[in-house]
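**Student:** Protein chains in written order, with this note's numbering: chain R, 1 to 289; chain B, 1 to 326; chain S, 1 to 382.
Please note that the accuracy of each hint is not assured.
Unchecked claim - These stretches of chain S come out as covered by chain R in the derived footprint (C-beta under 8 Å, 3 or more residues):
1. 182–191
2. 194–204
3. 242–252
4. 372–379
No lab work stands behind these hints: they were computed from the structure. The C-beta atom is built at its ideal place from N, Cα and C for all residues, glycine as well.
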Amino acid sequence: MTVTTIFFQQILNGVIQGCIYALIALGLSLVFGILEIANFAHGEFYMIGAFMALFSITFLGVPFFIAMIIAMIGMAFVATVIERVVFRPIVGKPLINSMLLSFGLSTALANLALYFFKADPRKITSGLASYRFSFLGLYITGERIAILVLSVFLVLLLAWFIQYTRTGKAMRAVAQDRTAAQLAGINIRRIYSVTFAISGALAAAAGTMVGAMFFVNPEMGFTVVLKSFVIVTLGGFGKIKGVIFAAILIGLVESLGGGFISYAYKDAYPFLLLILLFILKPEGLAGGK
Amino acid sequence: MTVKRKPYILLCIIAVLAALLGIPRLFSMDYYLHIFVMSEIYAVLALSLSLLVGFTGQVSMGHAAFYGMGAYASAILSLRLGLSFWVTFWMAGLLVGTVAYLIGRLVLRLRGHVLAITTAFFCVLVTVVMNNWIPVTNGPMGITGVPSPSPFSLFGVHAVIETRAQYYYLGLLFVACVVYFLWRIESSRIGDAMIAVRENEELAKSIGIDTMKSKVLAFTISGALAGLAGAFYAHYIHFISPVTFTINESINILVMVIFGGMSTLFGPILGAVCLTILPEFLRMAGELRLVIYGIALIVFIIWMPMGIWGTIQRILLPKGPEKTQG
Amino acid sequence: MRRSTFLSAMLLLVLLFALPAYAELPKAPVKIGVVLPTSGAIAYDGNLALNGIKMAVDEINKNGGIKGNVIELSVEDSAGVPATAVAAMEKLVGMEKVVAVIGDFGSSCTLAMMDVAKRAQVPLITPVSLAPKITESGNIWMFRGCDNSNMIAKAFTKWAVQENGADKWAYIAINTDYGRGSVESFNAQLAELGGKVVFTEYFNQGETDYYPIVTKLSATDANALCLFGETVDLSRVIAQFHEMGLGGKMLIMDPTSGTFNAKFLELAKEHANGIVGASRFVATIQTPAAQKFVADYRGRYDIDPEKYAQAGYDCTRMVSLAIEKADSLDTGKIRENLAAIQYEGPQGKAHFDEKNQLIIDEYIIIVKDGKFEVAAGPISVQ
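Next up, chain R with everything else stripped away, as it sits in the complex (with noise of 0.2 Å):
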C-alpha cells in the first residue's frame, strides 16, 4: 500500500470510529445539557444495551437488527429507571454529587455484569463481516458501512427529533432555561425521562455494534466514558452539530496519530488536542467546534 492509499484508509477508519463515539457522546451530551449531570455511568448504558443484543440473538434467536431495536427499547425503559431511583434526588446539586454518584453507580452496574455474566468476551455475530469489500486500494467490511449507514441514520433522527417535535422542542426549553420551561408549563420531569431514554437507547444502539465489531464484556463500558467526556467538552453541552464534529475529529487524531507517529501514546493525543485548542481558544469552548 502507498502512503496516500494508507493516509485514506486511516481516515476511514477515524471516521467509522468517530460515528461511534459520536452516537455514545450524544446521549451523555444531552443529559447533561438538559439535567446538568454527569453521568458517568453512561458507558454502563452501552454495555448493557449491547449484553441485551447478545442475548436477543443467543436465546430469542432473532436477527442483528432486530436484537439491536430490542436493546435500544430494552435500555431506554432501563435508563428512565435509573433517572427515577438514583438521579432525581440529586437534580440541581452541584456537579461533583453527580459525578461521584454516577461513579458509584458504575462500579456496582459494572461489577454485578461482571458477577452474573463472568468475565468472558462474547462476540455479536451479525452476519455481514464476512463481506470484504475494496475499492481504490482501500478495505471496508460489509459490517463496517452498516454500522456507518445505522449511526447516519439515528443522528438524523435524533436531530430531527430535537428540531421537530414537541418534545424536542420542550427538551431545548428545558436545557436554555429550566425555570423558564417550567412557568411555560412544560412537565420536567417527563422531559427527564425521555432524554434519560434517548440517551440509554443511543448508547444501547453503539453497544450493538461495538459488540458485533469487536466485543461484549462487563468492563467494555469503563474505558469508552472517558472519552465520551472530552468529546462532549470539546463539542459543547447539548448542542449536537459540535458533538458529531468533535466525536470525528477525536477518531480522526486517534487513527492518524496511532497510525503515523506511535500507536502506543494513542490515548495521548486528544488530550494534546484539547490543550492546543485550550491555547488557541483561552476562552474555552463554549461553542461548537
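We have chain R; now place chains B and S onto it with these hints.
**Tutor:** Chains B and S only, in chain R's frame:
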C-alpha cells in the same frame, strides 16, 4: 470558642494521640499495620486534594498524576544517584510542586466540568508517559528495589525504618506535619482568599483578590504534597509501576475526600481511613464487594452529601458557619 | 439527624474497626494461600489459573490429602493492584497462617508481594508472571512456576527461522512488562540467527481498534507477524488483520501461546488456522498424563484446559509434594524441598534451577482445522 471548651478539646487531642501511638501494640499483625500505613498515605493524598477541591472549590481529577510523579522521582533519584530517602523525599516534593505550578498556570483558567475533564486527561497523559518512557521509568516493568529510608541517629538514638510498625510511626509524623501545615494555611489570609474563590470567584475578583494566584497556589501545594506521599509510598512498597497511578486512583482519592467531608481538616482523614479499611473488610463479601462499594457510594451521595464529618459537624455545631459543598 | 441516631452511627463505625479481629477462621491441617485477580481486567485469565488450583486440591484431598491431612485453600483477590496484592499476602501469612502462597498473575503484583514472602519466610510461587526480576533478585522464597520469555525464545525462534524461513519479523505486542520483555528476549535470539525486525508496535490492554496498526503493518515487507498478548486482544488483532485482506501474506506466530485456548478458537473461528507458536502445554499433547488431565478438567469445567490452568494445577501439586517430602509444616523445610523437587505432571518433567526458575520442555504448536496440533517437541531449553 469559649474558654470552657478549650480544656475538653485539649483532652480529646491527648486521648486521640495516645490511641494513635498505641495502635502497633493493639494491632500487631503486619496485615493490620500495612492497612494503617496505606491509610496514612491516603490521608495525606486526601488532605492535599481537599485543599484544592474543598477549600478552593476547584475540581481536579489529576491527583494520581502528582502522586505517581513523586513516587517515580524519588525512586529514580535514590536508585540512579544513590541518594538517601531523606533527600529524595524533599526533592520529589519540589519537583512535583514545580510541575504542578506550571500545569496549574496553564489549566486553571478553566472552570467546572471543563477543568475536571482536562485534569482527568492530564492524568491519562502522565500514565501514558510512565508506560512508554522506558529508559527513564522502565515502563510497565516498573522499578524494583526502591530502598528503605536509611538509618539515622537523632539525639543519640539510633533509628531504623524497616518494620511496618516503624513505617507506621514515620507515617504518623508525616500526616501530623501535613495537618499542621494545612491548618496554618487554611486559617491564614491565604486560606481566606481560597474560600472566597470557592464561594464566588467573580465576587472575589471584584474585591481585589487575585483569584488565579490563589488557585495556582492551592494547586501547587496540593500537587507537591501528593508528590511527597508518592515518595513515601515508593520507599514503603519498594516497587512502583504505572498500574498504581491511574485515573481510577484519582477518583478513589476524590471519593475519600467527599466521603469524609471535604471542607474540613478531619474529614479527608476519616474518609481515607474508612475507605482504605472498608474494601479490606469487604473481602469477606467475595466477588460482590465492589458492587456493595458502588451501591454504598450512591446511597451516600443521596443522603449524606456533606460527608461523614461534615454531617457530624452540623449536628454538634449547629451555630457554626454554613460550609457549602464546593 | 437525631443525637441517638448519630451515636449509633459512631458505634457502628467503631465496630467496623474492631470486627476484623474476630474474623479468625477455624484452624485446618494444611493451609495453602492463593492470590489472584478474580476481579478486574484480567479476571477471566486469573480464574483459569484458579480452576487448575482448585482441581488439584480436590484431587489431592480425595486421595487422602497430604499424609492424611486435608488441604484448605484460602483464596484472596488482588484485583491486579500491587498494594492490594500485598494486603492479600499479609492477610494470608499473618491471619490465615498459610504455609505457602500461589500467586500472583501480573508481574507488578508478584514483584510487590515478593518482599512479604521473604519477611514472613513463606514460599511464594507464581504460575504465570514473566518479569525477569522475579528470579533475578536473589529472593530464595520466590519461585517461578512457569517458563520465562528467554526459554520460549530459544525454543521457538530457531524453529521459526530455520524450519519456516521466517526472517523478517513484525511485532505487535501488548504494552506491559510481558509484551515488552518478550520482544526483548526474542529480538536477542532473532539477531543471533540472522533475522531482521521490520516493525514493532505496542497496544494498550483492552484496545478495540487495531485498524491503524494493521494498516501500518501492511506497508512493510514482513514475512512473519509475532504477537504478544492475551486471548481477547489478540483475537481482535487477528480478525482485523484478515478484514484488511492481509490473510496469507505472512506467517502468524504466537510464541507465548496467548491464543492457545478454547476461548480463542471460539472467538477467531477459521482465522485461527495456520497460527504457530510454542507452549508448555496444550490440550492435544498425546501423553497419558496430559490426556488424563484434559479429560478430568473437561469433565469438571466443560472446557479444555490451557496453560494457565495447567500451571495452577502443577504449582499446587508441586507445593503439596514439597510439604509431603518435608513431612512438616515448617515453611523453611517446605521451601528447601520445593527448591529440590523432581516433579512430573501433565506437561512433562519439571524441576527448579538455582534461581528457583522452573525448567520444563516446550512444544511447537500449530493450529489446524480448529485444533492445536503438536508440530514438534518436547524441546529442551537448557
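**Student:** Against this structure, judge whether each hint is valid.
**Tutor:** These are the hints, each one checked on the structure:
1. 182–191: violated (count 0)
2. 194–204: holds (count 4)
3. 242–252: As far as the segment 242–252 of chain S goes, the hint holds, because 3 residues have Cβ atoms under 8 Å from chain R.
4. 372–379: violated (count 0)
Going down the numbered hints, you'll see the structure goes against 1 and 4, while the others check out.
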